[in-house]
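Visitor: Chains A and B, in that order, are what the protein sequence lines are. Residue numbering for the first sequence is 1 to 115, as defined by this note's numbering. Residue numbering for the second sequence is 1 to 111, as defined by this note's numbering.
Treat the hints loosely; a few may be bogus.
Cut-off 30 Å, straight-line C-alpha distance, at most; resulting in silico cross-link-like pairs (DSSO-like, lysine-lysine) [stated by the list, open to error]:
hint	chain 1	residue 1	chain 2	residue 2
1	B	Lys-2	A	Lys-57
2	A	Lys-9	A	Lys-57
3	B	Lys-2	A	Lys-14
What the hints contain is simulated information worked out from the structure, not anything from laboratory work. Since we're looking at a predicted model, the values are computed, not measured.
Spelled out, the chains give:
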Amino acid sequence: NAGVTQTPKFQVLKTGQSMTLQCAQDMNHNSMYWYRQDPGMGLRLIYYSASEGTTDKGEVPNGYNVSRLNKREFSLRLESAAPSQTSVYFCASSEALGPRLEELFFGEGSRLTVL
Amino acid sequence: QKEVEQNSGPLSVPEGAIASLNCTYSDRGSQSFFWYRQYSGKSPELIMFIYSNGDKEDGRFTAQLNKASQYVSLLIRDSQPSDSATYLCAVLDTGRRALTFGSGTRLQVQP
Numbered sequence: 001n002a003g004v005t006q007t008p009k010f011q012v013l014k015t016g017q018s019m020t021l022q023c024a025q026d027m028n029h030n031s032m033y034w035y036r037q038d039p040g041m042g043l044r045l046i047y048y049s050a051s052e053g054t055t056d057k058g059e060v061p062n063g064y065n066v067s068r069l070n071k072r073e074f075s076l077r078l079e080s081a082a083p084s085q086t087s088v089y090f091c092a093s094s095e096a097l098g099p100r101l102e103e104l105f106f107g108e109g110s111r112l113t114v115l
Numbered sequence: 001q002k003e004v005e006q007n008s009g010p011l012s013v014p015e016g017a018i019a020s021l022n023c024t025y026s027d028r029g030s031q032s033f034f035w036y037r038q039y040s041g042k043s044p045e046l047i048m049f050i051y052s053n054g055d056k057e058d059g060r061f062t063a064q065l066n067k068a069s070q071y072v073s074l075l076i077r078d079s080q081p082s083d084s085a086t087y088l089c090a091v092l093d094t095g096r097r098a099l100t101f102g103s104g105t106r107l108q109v110q111p
């Protein structure tokens with residue numbers, strides 16, 4: 001059982017280039033999330049998808065777009081990368097039933113460097 | 001802006017001691033609280049969650065919640081060097097139905 005799988009694990013971009021981070025979960029979870037983690041900043045929510053067909057902005061959405069392709073897959077796109085987007089990106093999923101959020105399951109992270 | 005505050009540390013304790021990690025949050029309406037552990041270079045993993053005021057124990061870990069003071073803590077008894085990691089406090093943002101994380105406290109357990 002793979003859980004949450006992110007690709008690529010490492011990527012180096014030049015300023016202005018575009019790329020897509022892929023995320024897939026095999027736990028049949030309804031909700032999926034993209035976070036970024038910078039040193040000393042903790043995890044900050046970029047976008048999330050509470051269910052298939054819906055996406056919403058998080059705390060730091062500027063410069064990113066997302067697509068919930070189906071229940072399993074949630075991709076994050078950087079249209080024109082900037083050095084400020086150098087970070088570790090984590091995809092996560094959860095069952096999110098009822099009024100309480102269940103455990104978040106995280107992928108291994110994608111380390112992105114923008115030169 | 002809903003905030004979750006943690007002391008960044010490092011918090012250094014000797015092996016076998018009790019480590020106490022603290023967290024405060026700004027959203028008085030928050031109902032669900034989580035502690036995640038993150039080893040260097042790895043992804044976060046859930047240690048405990050707590051929904052009600054008081055203490056919740058799981059093995060060597062105890063989570064404490066005081067909603068009136070907007071305060072959550074994690075106690076680790078009989079600390080081991082393998083507990084050395086960054087501990088992230090997280091609070092459910094009910095508006096977004098997503099977790100808001102603190103910046104984490106780095107714990108070092110000295111052998």
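Visitor: Compare the structure with each hint and give your call.
Guide: Hint by hint, here is what the structure shows:
1. B:Lys-2 <-> A:Lys-57: holds (15 Å)
2. A:Lys-9 <-> A:Lys-57: Distance ~24 Å between Lys-9 (chain A) and Lys-57 (chain A) Cα, so the pair holds.
3. B:Lys-2 <-> A:Lys-14: Violated. Lys-2 (chain B) to Lys-14 (chain A) sits at ~33 Å, over the 30 Å cutoff.
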